[in-house]
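Student: Please construct the entire structure, taking both the sequences and the accompanying hints into account.
Line by line, the protein sequences are chains D and B. Under the working numbering, think of the first position of the first sequence as 1, with each following residue one higher. Under the working numbering, think of the first position of the second sequence as 161, with each following residue one higher.
In short, the hints are calculated from the structure, not lab data. Treat the hints with care, as some may be off.
As the list claims (entries may be wrong) - Restricting the straight-line Cα-Cα distance to at most 30 angstroms, the calculated cross-link-like pairs of lysine-lysine (DSS-like) are: (1) D:K21 to B:K231; (2) B:K211 to D:K14; (3) B:K172 to B:K231; (4) B:K172 to D:K36; (5) D:K21 to D:K96; (6) D:K14 to B:K172; (7) D:K21 to D:K59; (8) D:K21 to D:K160; (9) D:K36 to D:K145; (10) D:K96 to B:K231; (11) D:K145 to D:K68; (12) D:K36 to D:K21; (13) B:K211 to B:K172; (14) D:K114 to B:K231; (15) B:K231 to B:K211; (16) D:K14 to D:K145; (17) B:K231 to D:K152; (18) B:K172 to D:K21.
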Amino acid sequence: MSVIHAQAMTPHSKALYEAGKQMLVESISVGREFCKFMVGVSTGAIPLYLALLQFALPKDYRPSWWWKGVAAIAPGAIFLVASLLFALGVFPRTGKFSLDLPEEIDQVRDHTIKRLGNFALAGFVCFTIAALASIIVIVSGLRVKEPVKPTKPTEIRIVK
Amino acid sequence: MPTVSEVLPIPKCPLCGMSHEYDLEVVRSGFLNASEPPPRTWTRFFTCPSKGEMFEAEFQTSGAIDDVRVKGLHEDQEGAS
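Tutor: In C-alpha cells, the structure reads:
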C-alpha cells in the first residue's frame, strides 16, 4: 500500500464531505419525518375517499352483491393499513448503546434506518394500492345508474 | 467478507508537513481470481492530528480489495501527536 499524493481538501471534496455528513446525520430524521407526514395523509385519505364515494354513488344505493360492498370498503381499509404501517415506522423503540463504541452506534443506526425504510416502503405500497383502488371504485361508482323509482299508478276515475 | 487491518504511512502531511500513520480496514474480495487484479487507486479523507483538519490522500493497493475504510490514527501516533 503506497501513497500516491496527499493534498489539502479541495472545495469540491469539502462540499462532498459536508453533503455526506448531512446525509449521515439526517438519514434517520428524514425517514421519520416522511412516516409522520404519511400517517396524516393516509388517515386523512379515509374520510376524503368516503366523501367522494358518497358523492359518486346514487342516493340510497345498496350494493346488489356482497363483494361490491367489500370492494367499496377495501380502499378505505387499505388506507388504514397504510397509516398503521407508517405509524409503526415512527413508533418509539427501546434500546441501548454506548457512545464509546462507534460500531454499536453504527449498528443501531443501520438497524433503525432499515426498519424505518421497510415500514415506509410497505406503507407507501399500501397507500399507492389504496389510491389506485379508490380511483377505480369512484369511477365505477359514477357509472352506477340510479335505481328506477316505482312510479305512482295513474289514477283513473270512471264516471258513470 | 474478510477484513484485515493495515497501516498507511503518509510521509508528508499537506497541512503540517509531518509524517502520520493511519489504521485502515481493508475489505478483501471473497472471490479468488486466477490472475492478479490490477492495482487499484483509492481516495480517502484523513484528519491531521496536529492541525485537527482534514486532508485527502490518494493511495494504491494491490490484490483483490473491495473497500478500504479509514479507522483513525495509528496507535503509536496517537501519543506522539
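Student: Could you run down the list of hints and mark each one as holding or not?
Tutor: Quick rundown of the hints versus the structure:
no.: 1; hint: D:K21 to B:K231; verdict: holds (16 angstroms)
no.: 2; hint: B:K211 to D:K14; verdict: holds (16 angstroms)
no.: 3; hint: B:K172 to B:K231; verdict: holds (19 angstroms)
no.: 4; hint: B:K172 to D:K36; verdict: violated (50 angstroms)
no.: 5; hint: D:K21 to D:K96; verdict: holds (23 angstroms)
no.: 6; hint: D:K14 to B:K172; verdict: holds (21 angstroms)
no.: 7; hint: D:K21 to D:K59; verdict: violated (58 angstroms)
no.: 8; hint: D:K21 to D:K160; verdict: violated (101 angstroms)
no.: 9; hint: D:K36 to D:K145; verdict: violated (40 angstroms)
no.: 10; hint: D:K96 to B:K231; verdict: holds (23 angstroms)
no.: 11; hint: D:K145 to D:K68; verdict: holds (15 angstroms)
no.: 12; hint: D:K36 to D:K21; verdict: holds (23 angstroms)
no.: 13; hint: B:K211 to B:K172; verdict: holds (14 angstroms)
no.: 14; hint: D:K114 to B:K231; verdict: holds (24 angstroms)
no.: 15; hint: B:K231 to B:K211; verdict: holds (18 angstroms)
no.: 16; hint: D:K14 to D:K145; verdict: violated (65 angstroms)
no.: 17; hint: B:K231 to D:K152; verdict: violated (89 angstroms)
no.: 18; hint: B:K172 to D:K21; verdict: holds (27 angstroms)
Against the hints set out earlier in the document, violations occur for numbers 4, 7, 8, 9, 16 and 17.
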